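Dock chains B, C and D against the given chain A, drawing on the hints supplied.
4 protein chains.
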Amino acid sequence: MSRILIIYESDYGNTKKMAEAVASGAESVPGTIVSLKQAGEVTADDMTKSDGVIIGTPVHMGSMDHRIKTFIDTVCGGLWMENKMVGKVGAVFATGSGYGGGGGGAELTLLSLLNNLAELGMVLVPLPKNTKGYEYGGLQWGPCGRSAGLHMEQDGIKDESLTAACHHGANVARIAATLKGTAFFA
Amino acid sequence: MSRILIIYESDYGNTKKMAEAVASGAESVPGTIVSLKQAGEVTADDMTKSDGVIIGTPVHMGSMDHRIKTFIDTVCGGLWMENKMVGKVGAVFATGSGYGGGGGGAELTLLSLLNNLAELGMVLVPLPKNTKGYEYGGLQWGPCGRSAGLHMEQDGIKDESLTAACHHGANVARIAATLKGTAFFA
Amino acid sequence: MSRILIIYESDYGNTKKMAEAVASGAESVPGTIVSLKQAGEVTADDMTKSDGVIIGTPVHMGSMDHRIKTFIDTVCGGLWMENKMVGKVGAVFATGSGYGGGGGGAELTLLSLLNNLAELGMVLVPLPKNTKGYEYGGLQWGPCGRSAGLHMEQDGIKDESLTAACHHGANVARIAATLKGTAFFA
Amino acid sequence: MSRILIIYESDYGNTKKMAEAVASGAESVPGTIVSLKQAGEVTADDMTKSDGVIIGTPVHMGSMDHRIKTFIDTVCGGLWMENKMVGKVGAVFATGSGYGGGGGGAELTLLSLLNNLAELGMVLVPLPKNTKGYEYGGLQWGPCGRSAGLHMEQDGIKDESLTAACHHGANVARIAATLKGTAFFA
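Protein chains in written order, with the numbering used here: chain A, 1 to 186; chain B, 1 to 186; chain C, 1 to 186; chain D, 1 to 186.
These aren't lab readings, by the way, just hints derived from the structure by calculation. Just so you know, these numbers come straight off a predicted model, no measurement behind them. Among these hints, one or two may not hold up.
Each pair may be met inside one copy or between any two copies, as identical chains are not told apart.
List time: in silico DSS-like cross-link candidates among lysine-lysine, alpha-carbon distance up to 30 Å [unchecked claim]: (1) K17 with K132; (2) K158 with K84; (3) K180 with K84; (4) K37 with K158; (5) K132 with K84; (6) K16 with K49; (7) K17 with K180; (8) K49 with K84; (9) K180 with K158; (10) K49 with K37; (11) K129 with K158; (12) K16 with K129; (13) K132 with K180; (14) K180 with K16; (15) K16 with K132; (16) K49 with K17; (17) K129 with K180; (18) K129 with K17.
In isolation and in its complexed conformation, chain A is listed as follows:
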């Protein structure tokens, strides 16, 4: 039995949709208990009892939503201080309107979130390029949901992004189950 916690914030429901796809992937792995929460609701206890944590955010100005950062500073800061998350598994995803054919700032957004997880001492799960949906909805750091076309037409998250997100959830659940309960870091 392993526990996966998926944390997100959403402006227009797009990141929520991605979070639900990640959750459905994690749930597809037998023996996994999945919890899906908005960042503002997550407690330190939610974090410490999880074996894997996946955080998703809208892209705002090339970095994570401020509600996610508030969660990182206020809830994760203490966990960092006490080394409570060391050796757990972490992963990320992001959703952007896609302005800018070069990715619209998604890459650094994913990276800044991963940075927070690295500070916690978590093992990081990337998104391999042979994942289904990657060619539309992926980056090496995690799934990206583009909620708009190149000209800002709001056509919503594409199925390919949700497919990549679903696989990402399952990948993390499998790795968390395997790494669970052993002390790798000394």
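Using the frame of chain A, we list chains B, C and D on its own:
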């Protein structure tokens, strides 16, 4: 006459001290009007009437303080949308307790802030390595104030960091004065 | 009279095409002398006599081409040591096959190049989002040429990317001409 | 039985010393076969038969040594194309002269290497802050060896950095042994 706006948040007064050093440097450049504000007090109007903006933050978990990110999302987001800051001058600085001899996360913190300024279309001013104080208090992206020693002894911001910060403020003020009032981006 | 040096490497001619577009933009600014060179041909003297330098690279595994890095290490390392490039103007662009709807690694590639320029103490010019061609071919850090579609179909660099690249060259030339000949860093 | 491949380049022997410390840590884990090679000697076959890969580099201008990048482009590019490294374990370390009290560019150097490993689809192992030696020789992304003091006095790699490096090697070996032989990514 050019206007430099310095924006910061501070936990224990260290980033405030760095911000004041940056301000003193900017003020030393004749014809510069300097404004020093906490992020929560800065309005869109403060931003648009500035010729240069310098943002400083404590390092929290390898990225900027959440109060800074809240300012970026809520005040700068609209300015980004309307291209109101394009061609102004931007720069950054950070303060950390210094845990981790490799920089304690200061580099990615500075970078995530610069990323926000790049999104706004601002010309970015680095910190050259021949700046006084750099060998103790600098990185290519801007001045770093280490508020603690390697073993977390809280010995406060060092003079070298304040010296680098002061020069950074003056550098930005000079470049902002020179670039002011011309449309470089077309 | 100001001098702009454009440095690139190219695998299949796409980055070369982008470099030529950047050059044409720089040349459109009166009083600008433009030099376009492959990285392997650039000397320290080429660098020091330039007022602005723009570097472009194919995206390889999420970072710059190794020939560009060889140039950085072998030619720029000495310039860094002696502070020879401080206060000049720098900018970047990249070209990728575009695999990965999230940008295919272009963002970190641009950033790693800008990092080298920041180490040299150069003032950095971003690509504002209201630049023509940005919605297809841009990122905040510089123009991106996608040489393939989402499914790796090799359809070449799009006109929008070349348009953004051309404007980028002109923007840098204008800023370099304005900043030229003054000591901003002290 | 699991195989750990440690890849490095070295200018003055400092990164070599760090690589040997990483190797000694990996060797301390029963059932681990360790191979230590300079980047120029590593073949695609060396990579595919490894369960974990740890890459170390000197910091040059804020990014990896060009010999490492040449290895990434020429050997790893093909492995990326064919998804040959997906699900293996990856980690990094760096060595710098330490100029710049903010870390001297080590953070982005480590990150650019990790980026290459993420592109390959490898599970990434950070350095938890409670690792011995971290307070002097660590960053969240991996161990950092500072080969000089703040004023560029060449006093060599410190024991604390070697201690952190040794633990890093052992951590990666343990995680690679546990993840070996199972398909986590689908």
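Could you work out which of the previously given hints the structure breaks and list their numbers from low to high?
9
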